[in-house]
Amino acid sequence: MQTAEPTAPTQTAITVRGFSSWYGSFQALRSLELEIPSQQITAFIGPSGCGKSTFLRWINRMNDTIPSARAEGTLDLHGEDLLSKSLDVVDLRRRVGMVFQKPNPFPKSIYDNVAFGPRLHKSYTRAELDELVEQSLRSASIWSEVKDRLHSSALGLSGGQQQRLCIARAIAVGPEVLLMDEPCSALDPKSTLAIEELIETLADRYTIVIVTHNMQQAARVSDQTAFFFEGRLVESGATETIWNKPKNKQTEDYITGRFG
Amino acid sequence: MACIGERPPPLDGFVTSLPTNPHARDLSKLGRPKSVAARVLRERIIVGALATAACFSILVTAAIIVVLAKETIGFFQFDEVSLGEFFGGTEWNPLLGAEKHFGIWPLVAGTLLVTVIAASFALPLGLIAAIYLSEYASPRVRATLKPALEILAGVPTVVYGFFALTAITPLLQRLSPDTFGSYNAMSAGLATGIMILPIVCSLSEDALRAVPRSLRDGAFALGGTRFDVSVKVVVPAALSGIVAAFLLAISRAVGETMIVALAAGGVAQITANPAAEVQTMTAYMVQIFLGDAPAFGVEYKSSYAVAATLFVMTFVLTMIGQYILRRFREEYD
Amino acid sequence: MAAVRSASTRLLANRAFLTLCLAATSIAMLVLAILLLAIFVQGWSGLSWDFLTGLPSRKADKAGVFVALMGSLWVCAICGLLALPLGVATAVFLEEFAQKTRFTRIVQTNIMNLAGVPSIVYGILGLTAFARMFGAFGTNVEDAISLGSEESLFFLRIPFGSSVLAGGLTLMLVILPVVIIATQEALRAVPGSLRAGAFALGATRWQTVWGITLPAAVPGIMTGAILAMSRAIGESAPLLVLGGALFVSGAPENLMSDFAVLPLQIYNWASRPQESFHAIAASAIILQLVVLFLFNGIAVFIRQKLQKPLQ
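Protein chains in written order, with this note's numbering: chain A, -10 to 249; chain B, 7 to 339; chain C, 2 to 312.
To be clear, the hints were calculated from the coordinates, so they are not data collected in a lab. Here the structure is a predicted model, which means the values were calculated and not measured. Mixed in with the good hints there might be a few duds.
What the hints assert, rightly or not - Chain C is faced by these chain A residues, among others (derived, beta-carbon under 10 Å):
| id | residue |
| --- | --- |
| 1 | Met51 |
| 2 | Leu72 |
| 3 | Ser73 |
| 4 | Leu76 |
| 5 | Asp80 |
| 6 | Ala159 |
As the list claims (entries may be wrong) - Mimicking DSSO-like on lysine-lysine, the simulated pairs with C-alpha atoms at most 30 Å apart in a straight line are:
| id | chain 1 | residue 1 | chain 2 | residue 2 |
| --- | --- | --- | --- | --- |
| 7 | B | Lys106 | A | Lys111 |
| 8 | B | Lys238 | A | Lys136 |
| 9 | A | Lys97 | A | Lys74 |
To be verified - So the derived label-pair ranges between C-beta atoms look like this:
| id | chain 1 | residue 1 | chain 2 | residue 2 | range |
| --- | --- | --- | --- | --- | --- |
| 10 | C | Pro216 | B | Glu91 | 56 to 66 Å |
| 11 | B | Phe62 | C | Glu186 | 17 to 27 Å |
| 12 | C | Phe302 | B | Arg219 | 45 to 55 Å |
| 13 | B | Ser88 | C | Arg106 | 34 to 44 Å |
| 14 | B | Phe62 | C | Ser250 | 27 to 37 Å |
Ideal placement from N, C-alpha and C gives every residue a C-beta, glycine not left out.
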């Protein structure tokens, strides 16, 4: 592990060079070139099936669970090769958290949901764990809603609360990067707003990559935007630039809603 | 996973991005890290243990085959028996009389007779009841009958055997006093049928329920009555599951032991007469293992040859069922 | 005109079929009702405390089921203690660890085949492998190797002979495929999103199984296990082959004791010509059915009350 020192927010967290991936003989991603900056919010946009979720699942190697999936090229997190065979994927996933499309709390208590991850990696005293759970829930802006029922089932929470709990759960293991795969697509507008606000507060501590097919959401929350189309990375850059002066015709068509 | 492409030079003096929030900084210091080596080792040991458990089931099959094969070969080494007689002979008379005969066909015929009687009423009845449960019955009726079926499927077969002996046979005798003796294939067949009825019904019903609603809606939209939809659309769509259910039930009937041991009798003969006393393969094995024959003699070994025949029969039935399920399963959604 | 008639024929067919369905279902129900009634009529009067605690006897009116009940208890306890961990471990391996390779497909097909093997064949395997141990230790009881004292609960004699341990092991073979298949179904019912959630937190496969998947599947596994046990407790053919003695004077005292089980006791009584023995067989069947209903009742209860909705 590296030593603790604050870094400039413009540093590159994830470097992607000539990255391609396949499911069996189907090529899902073609020669991606991208740099994802540290402690900023990067949005992946594009029509469904364009490969943005596939790419996200390479960053924490969740694609390892699919036997036919393979990748080539360079995918580095702070200079560390994420495609290496010798990489400890368990430790990688501790450092790169993930929030899924549908809230997926474990059928356990709220407390145990948050404590599950930390307990995997470290041993804690009861007091330490209590503090960790509280701080994680506070960071995910859900503490005030659940502090009186920490030991009741997480399945009793509303959809939006469940998703914030899942964010707290991901934060609790102390990741550097948070991957979010359409985190609001299963939620109502009010819950969506709450999650979006939460994402913005998290950006000063975590490198966040969010996949969304909601372009307004990408425009609202992200600093950087990358537009995927049919397995290729068509355009990437500062969100403002992409939105106001897209270089590529396809990007323009997509963000103006002419297709997709 | 090969990594091709130009690797960017490592950033100078690079450090991991760190939380600026004071709380978060504290959190990372909480707790004592667990040993990675211990985690990796434990995972290896557990995977090894689980894989060993999974291999046990293979070992069981291997043991069955080895035991049956070894003892069957031992059986054929006796002077009294020959392969030709075993597979071609029509007389099975290992215990009585001066000359012993080991032709398997009377036992197979007895087994088939009981199975045919059982299947000929349990299969149609079970399927009709399944169609009723799946397509016609209200949710409340279903909720009552389905668990009842599951319980019935769990009734010990010795209970059905007792029922055959003390209820079905006397009933048959009253209906037709001169035809039925105290042991007959009909009684055992009927009881076996009752035994497999819940299996047929429950499994067929599962297969029918697995047919998607959209298929039924489509048929109803074309103006079909419930009967048309059930019989012409749902049943054909679920056919592979129904056939597999039938095969499983038949295989159960073939291997059923306690009912035939109690009610079918002990005369090994080739007959299609349901009123006749017959001996099935399983009933013969019971007779031997209950100690009517001296251990390690030719009669005793013959039971292994019979068991091997039974094993092959049920194995083939199961394999056909598995094949049909895999090959013809309609994949919905 | 023709169209109208065809429509009415079809409605008639529909109605006729419904009647057939109702008739078939009612016949099935009626048969079962008669079955239960016949047994209760014959056996109810024989049920008494003396019958429950009585030892076997050559006279029907003095015979009891105590020895058989204790035998069933011992054999099923051994069977369950072995089959449950082994079956769950196999199912966990197949569902959660193994890649879908040729090997796992063979194991899977093999398990389906084992489920279809007649129980009497397992009896032959148990007799050869457990009771006689392939004759490797001689064939006389005097030649057997003894381990530990006969007073000990865990007294061992090799080969096992027709003992409760051999009986339990044999029944374990019978219900193992049932436990495996039920556990696999329970594990498959756990949503994949829960596994993904655990993996994403850096859980290993085993940590995911132990912390998330297995707890979520427990109600399903319990239901399957109880139904498997209710099968074991009613199984008699394999134990009959094993030489589950038909006349045993006392309840088992250690792993090497001879034993009788309830279904075998029923078989023994039912196969005698005397009516009086048929009556006590019916009484024993009532006991057997009570145990069956109890097991199924627990299984249904677990399924309905403890099965929390998983998303």
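Structure-inconsistent hints, enumerated in ascending order: 2, 3, 4, 7, 8, 9, 12
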